[in-house]
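Q: Read off the chains here:
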Amino acid sequence: MPGIVITGLTKRFGDVPAVDGLDLTVRPGELVALLGPSGCGKTTTLRLVAGFMAPDAGEIHVGDRVLSSPGSVVPPERRRMAMIFQSYALWPHMTVAQNVAYGLRFAGIPRAERTERVIEILRAVQLAGYGARYPGELSGGQQQRVAVARALVVEPEILLLDEPLSNLDASLREEMRFEIRRLHERFAITTLYVTHDQAEAMVISDRVAVLQRGRVAQIGAPSELFEHPRTRFVAEFIGKTNLIDAVADGPGRVTRGRLRLRVAADGLGAGAPAVISIRPHQIALSPRAAAPAPPAGANALAGTVIRASYLGDSVDYQVGLDDSDVVLRVTGPTPPRARTGEPVALTVPAEACVLLPAED
Amino acid sequence: MAEAAASRRGRRLAGLDRAAPVWLLAAAALVLLILLPLGWLAYISVSGPQGFTLAHYVRVLADPPLQRALWNTVVLAFWSGAVALAIGAPMAWLSARTDLPGRRVIPSLILASFVTPPFLGAFAWVMLAGPNAGSLNQLYRTLTGADTPLLNIFSMPGLVFVVGIYSFPYVYVMITNTLGLIASDLEDAAAILGAGRLEVARTITLPMVLPAILSGFILAVLQALALFGSPAILALPAGFHTVTTQMWSFFQYPPRPELAAAFSMPLLLATALLLLVQKKLLGRRGYAAVGGKGGQRRPVRLGAWRYPALAGCLAVLACAVFLPYGILLKAAFARAWAQPLTRENFTLENWSFTFLHGATQSAILNTLELGVLTACVGAGLATLLAYVTNRRLVVGHQVLGFLALSPVVIPGVVLAVALFVAYTRPPFLLYGTLWILFLAYLTKEMPVGYSQADATLRGIHPELEEAGRILGAGRLRVLREITAPLAKSGIIATWCFVFIGVIRELSASIILFTPNTKVMSVVMFDLKEEGQFGAIAVLGVFMLVMTFATVALMQALLGRDVLGARPSGGPG
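Note that the protein sequences, when read in sequence, are chains A and B.
With the numbering used here applied, the first sequence corresponds to residues 1 to 360, in that order.
With the numbering used here applied, the second sequence corresponds to residues 1 to 572, in that order.
Hint data in this document are derived by calculation from the structure and do not stem from the laboratory.
In this text the structure is predicted, and so the values were computed from the model without any measurement.
C-beta atoms are modelled at their ideal positions from N, C-alpha and C, and glycine is treated no differently.
Certain hints may be false.
A few chain B residues that face chain A, going by a derived Cβ cut-off under 10 Å, partial list only [said to hold, decoys possible]: (1) 97; (2) 463; (3) 467; (4) 472; (5) 475; (6) 482; (7) 485.
Full structure from sequences and hints, please.
A: Okay, structure coming up:
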C-alpha cells in the first residue's frame, strides 16, 4: 500500500495558477481531504494526481514511481488508481454489473472470478441483486453506491473522490459520509477526497488539507485544525469564529483600543500586529447581575446583547463589548440566558484566544 | 547512467498519448481539405503570366455585363430575403403562439419545403408558371379566355418568388426557436404593470425576437447569394446572369478559372461579412433565453382571423409544397406533362427510361455512391474533429473548430472553382474522377456535420470517459466502448444530414462533373436542355423519397424535431 508524495505541484490555466507550488504527503492507508472554497485548486490537484492533466512544475510520486512531472505523465489507465466522480459518471448504456466489472478486465482477472467479485462488492455497498439494472433505473443514492463499488472492486492502490456527495440531498449525504468512512476503515486504501464542505471533511478524513490559492494553507487532524488554526483563512473556513485585529502588548497580552485580552501564546514583540481567533462556543455568557466570579487567568468582558437568536439546540448571541467596537458571536445553551438589550458578562479562557499571524 | 536515461526515455514514451496520431491525422486532413483549395483560389486570382497581377480583378469588376450580374445578385438576395421574412415571420408566430387550426401539422409541411432542393422547386415552377405551357397559365387562359399569360416565371420577380418560398424556413426556424424560449409570464409581467396587448408586443415580445428575425433574414439572404440552380433555370432563359451563373459560364469552353476566382472574391467577402453580423446578433441573444423553465405559454386567440390565417399558411405551403409536388408527380407519370393525366397520357416509360437508361442510371449510382461515401467519411471525420476540439486533445483545437465551420462562408460554386484549380494540377490530379466531387461534398457538408457532432459530444460528460481511463482503459478503447455507443444516434443523425446534403448538391457538381462523373442533379440539369421533363420529374420524386426516408430515420433516432436540431447552417 503506497502513499502519495506531491512536491512543488503547479498548474496554470493561461496566466492564472490554479495550483501553485503545492506540497502534500498522504501516508499509506490514510484518507486526506482536500478542503477549500471553489477556485482554490482542489479539483485541479485531484485531476493532476489522476493523470488527466500534466503539471507545469512539480512532481507526483506514488510509492517509488514518479507518475507526473512536467513533460512526462503516466496516463491515467496505468496509474492503478480508481476515482469517484461528482457526476458519478456511470455509463448509461451498461448495466450495474457491467459498470462495476469494467475495470476488472484490465486487471487481468479471469472472467469467472470477475463475476464473483462484482457480486461480492455489490453486497458490500448494499446493492446485492441490482446487477442487471441500468443506472437510469436507480435512485441518486444507489447510483452513488454503484460508483463506489466500481472504484473499490479493482482494489486500487489509490482512491480519488471528487465531491462525491454534492449531488445527494442532505440526509442521504450525512448517511453516505459514515458509509464512506466505514468502507475506508474496511479497505484502508490511500485516499484523496475533494470537498468544499468542512463538516464532511471532518467526519470522513484522517487529516484535512485546507487549500487556499493553490497551496496547502494547513494540514492536520480535524481537531488540530479546529483548535489550532495557523492562519486567519483556516480559522474562518473551519467552523465559525470571532476574529479580532489587535496589537501585541507584552507576553501573552494583546490590546485593541481599551479592550485587553490574555492569549494562549506569547513570542510576539510588543507593538506587533496580531489577529486573535475566539470560537463562539468557548465564550461563557451570563446576565451581568448574576455573573459568577471568573476563574483566575480568564478574560472577563462586559457587553450588551445586540441580538439573541433561538436555534433550537443552542442560542446564538451577538454581543457588543462595552467601550469597544468589537462585536462577538457567542453560542450558548438553551434556554436563553439573556435577552436583546440586556447587559451581560462574558468569560473567555486565555487558551481559547488563539493567536494568528496578522497577515496571510 | 545510460540505463537511467533509457528508463527515463521509456517512461516518457509510456507517457505519450498513443492515440495522438489519430487526432493529428484528422486535424491534418481538415487543414488540407480547406486550406489547399482556398489557397489555390486566392493564388490564381492574383497570378498572371508575369507573376503577381490584379488584372483579373480589374477585368471582372470593370466589365459592364459582370457588374450587372453582381447587381442582379444583390437584387435577388435582398428581395428573396424580404419574401422569406414576409412569409416566415408571420407563420412562425401563428404556429408558435396562436390557436391556428392545424398548427401541429404545419411544422412538418414546412420541413418538407425545407428539404426540397431549391432547383427542383424551380423545375416544378417552370412547369407551373412557364409563360406558354405552364399549368397555372393554361388554367388562367381557359378560365378567362385571355391569350397573354398571367405569370412569367422566367423573370426577376419569378426568381425572387421561387427562391423566397424555399428559404423562408430559415426565418421560420430562427423565430420559432426564440419564441419557444419566451415564457408568457415575461409578457404577463408587462401586462400586470399596465401595458396593453399591443404595447406588450411592441415593448417586450418584438425586441426579444428581433435578433432572431434579423438573423433569419440574413440566413435567407445568404441562401440566395449562394444559389446556383434556381437562377440557372429561371434567370438564364430570361436573359440575365447572377454571380453564380456567371461563374459557371466562365467554365464553359474555354474555361477561365482565373476570372472565376477573382469574381468569387466579392461573393466570399459578402458571405463572410453577413455571417459575422448574424453571429453578433445571435451572440447577444442570451437575454431572450431568460426564464429557462419556460413557463406556461398560452396561445393567443385569433377569433375571426383563425381561418383567414390558416388560408394564408396553406397558400404558402401550396406554392412551396403541394403544387410543385403535384406537378412533379403528374409529370413523372405523363407522356406529355402539359396535358391532363388521362388514361392515354399515363405512362411508366419515364420511370423505365430513368432507371434503365445508361446515363441516368449511372448518375443515380454515382449519387448514391458519393452520398454513402461522403456521409460515412464526413460523419466519421466530423465526429473525430468534434471529439478533438471538445476534449482539447491537440494544441490549437479552437482553430480546428473554426476551420471545420469555415466552409459555411464558401458558396458551392466558389468551392467548386477552388477545387477545380487545386486538383487539376500536381500533386493531386483528381479532376475527372468522382474523388473531386467527394472532396467538394465533404468540404461543403463539414460545417453541418461538425456542428451536429459537436452538439452530440457536448452532451456526453467527459467524466464518463475519465471514469473508463482511470479504471485502466486506453483513450482509443474508451472512445470505442464508451463514447461511441453513447454518441451512436447522434453520429447516425450526422450521417443523415450529410447524406441529404450530398444527394441534392448541384452548385459545386455543375462545375466539377465530367461526362463520366455525372450525378443526379447534373443530369436533371442536362435533361432540361433536352426538354425531358418526365425524366426530371422521376429523378426529382426519387430524390425526394430518399430525402424523406432519411429525415424519418433521423427523427426516429433523435426523438425530436429535425428542424429544431438543425444548426444555423449556411448557404447551399
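Q: Now tell me, hint by hint, if it's right for this structure.
A: Verification of the supplied hints:
1. Look at residue 97(B): its Cβ only gets to about 35 Å from chain A, farther than 10 Å, so that hint breaks.
2. Here the hint on residue 463(B) is kept, as its CB sits about 4 Å from the closest CB of chain A, short of 10 Å.
3. At about 4 Å, the closest approach between the beta carbon of residue 467(B) and any beta carbon in chain A falls short of 10 Å, and the interface hint on this residue holds.
4. The beta carbon of residue 472(B) comes within 3 Å of a beta carbon in chain A, closer than 10 Å, and the hint placing it at the interface holds.
5. With its C-beta approaching chain A no nearer than about 8 Å, residue 475(B) sits inside the 10 Å limit, and its interface hint holds.
6. At about 6 Å, the closest approach between the beta carbon of residue 482(B) and any beta carbon in chain A falls short of 10 Å, and the interface hint on this residue holds.
7. Taken as an interface hint, residue 485(B) checks out: its beta carbon lies about 5 Å from the nearest beta carbon of chain A, inside 10 Å.
When the structure is compared with the earlier hints, a violation turns up for hint 1 alone.
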